[in-house]
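Visitor: Residue numbers (my numbering), protein chains in the order written: chain W, 1 to 114; chain X, 1 to 114.
Don't take every hint at face value.
[To be verified] Below, in silico cross-link-like pairs of lysine to aspartate or glutamate (EDC-like), each with a Cα-Cα straight-line distance of 16 Å or less:
1) X:Lys-40 / W:Glu-106
2) X:Lys-40 / W:Glu-10
3) X:Lys-38 / W:Glu-106
4) X:Lys-36 / W:Glu-10
5) X:Lys-41 / X:Glu-84
6) X:Lys-41 / W:Glu-10
7) X:Lys-38 / X:Asp-107
8) X:Lys-41 / W:Glu-96
If you're looking for bench data, these hints aren't it; they were derived computationally from the structure.
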Amino acid sequence: AQTVTQSQPEMSVQEAETVTLSCTYDTSESDYYLFWYKQPPSRQMILVIRQEAYKQQNATENRFSVNFQKAAKSFSLKISDSQLGDAAMYFCAYSETSGSRLTFGEGTQLTVNP
Amino acid sequence: DTEVTQTPKHLVMGMTNKKSLKCEQHMGHRAMYWYKQKAKKPPELMFVYSYEKLSINESVPSRFSPECPNSSLLNLHLHALQPEDSALYLCASSQDRRSNQPQHFGDGTRLSIL
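If we strip away everything but chain X, and leave its shape as in the complex, we get (with noise of 0.2 Å):
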């Protein structure tokens, strides 16, 4: 059982959709992060929040934009996107940023874009 919960486990969305993923811990942690996995590729670090604040975003497009309504919530709505970001997405958390705490991660959002 993961600690770390993402929904939905699967999305399909057409390209003018709005949508949201969302992931919840409930382990205290004050660091969560999200992550875009391709098939049979390490996931790519998209955003870092630390203590609610956005702190770390990877040149993400637009069309992704996070958010850290408290410290056990963290939302990717999606926007406008491309067939190209069809991928797992990933949530993780971690007790806070510095690196000697391991991320947990959850089971990830398959997300296809039509």
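The following block holds chain W by itself, in its conformation from the complex (with noise of 0.2 Å):
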């Protein structure tokens, strides 16, 4: 079975600031997508960026950006000039190409200081 690990239940940033979060995952699949999801304190889950596994390129969206290292099962997100907004749980999430269960790790909480 698939697992995904956030190793940092917590995290903190000063505003305009650069933040990495971790995630590790555990797979015997080759071809598979990799998530990040949002959810602040309103609840709504939103999607922050996706990554194929087998493009080799990192995924990048604005100030979100993720380093992918496969051989490693890695999966980071590094938010760049961290904003106030950003302050909310982050989950790690993984999915299999031949189905639509996500399977998510255990989030990180990120506050953002001003």
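Hints given; two lone chains; assemble the complex.
Guide: Shown next as structure tokens:
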């Protein structure tokens, strides 16, 4: 069974600085998808970024980028120029190509300090 | 603004009540999902509907009964719930069950069982 591990239950960052959230996963598949979702106190899960395992190029979405290391099974999220609105719970998630089941990590609570 | 709308936002019910949670999307998505989320935990998949047919039931107790009347609507009927069923219930949708299509989440219904 696939597992996703987020080893940092809580992180904090100063506004305008950069922070990296860690995620590792375990799978025997060669092709799969990885996601980072953000859940602010408003409760909605918002897709931040996604990566397809067969693509070597790291995904980027504005201030958000990933460092995808397939051999190490690592998928970290870097947030640049942190803003107060980035404060949220961040979940790393894995999905096989053959189905729709998302396996989530336990989450990292990010605090942004002014 | 969320493209997946859930009602009600909050629900308090007794253990003998019958109530329903509703979810609606107008993005033309053909896969819809119900998740249960406890505080500070990741969402747990309950049900998946694909083209209005139930395709995944994660061994959910029968006191939870899903229904998909059409491609835009997803209901979750509740009956004889237990206090441990108190949680945030999230609905999501995706273009179809292929996992490269990201899931879009609603704001959730906060359910409290007295």
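Visitor: Indicate, hint by hint, whether the structure satisfies it.
Guide: Going down the list of hints, with the structure as the test:
1. X:Lys-40 / W:Glu-106: 8 Å, holds
2. X:Lys-40 / W:Glu-10: 11 Å, holds
3. X:Lys-38 / W:Glu-106: Judged against 16 Å, a Cα distance of about 11 Å means the pair holds.
4. X:Lys-36 / W:Glu-10: 22 Å, violated
5. X:Lys-41 / X:Glu-84: Given that 16 Å is the threshold and the Cα spacing comes to 14 Å, the pair holds.
6. X:Lys-41 / W:Glu-10: 13 Å, holds
7. X:Lys-38 / X:Asp-107: 14 Å, holds
8. X:Lys-41 / W:Glu-96: Roughly 21 Å separates the two Cα atoms, so the pair is violated.
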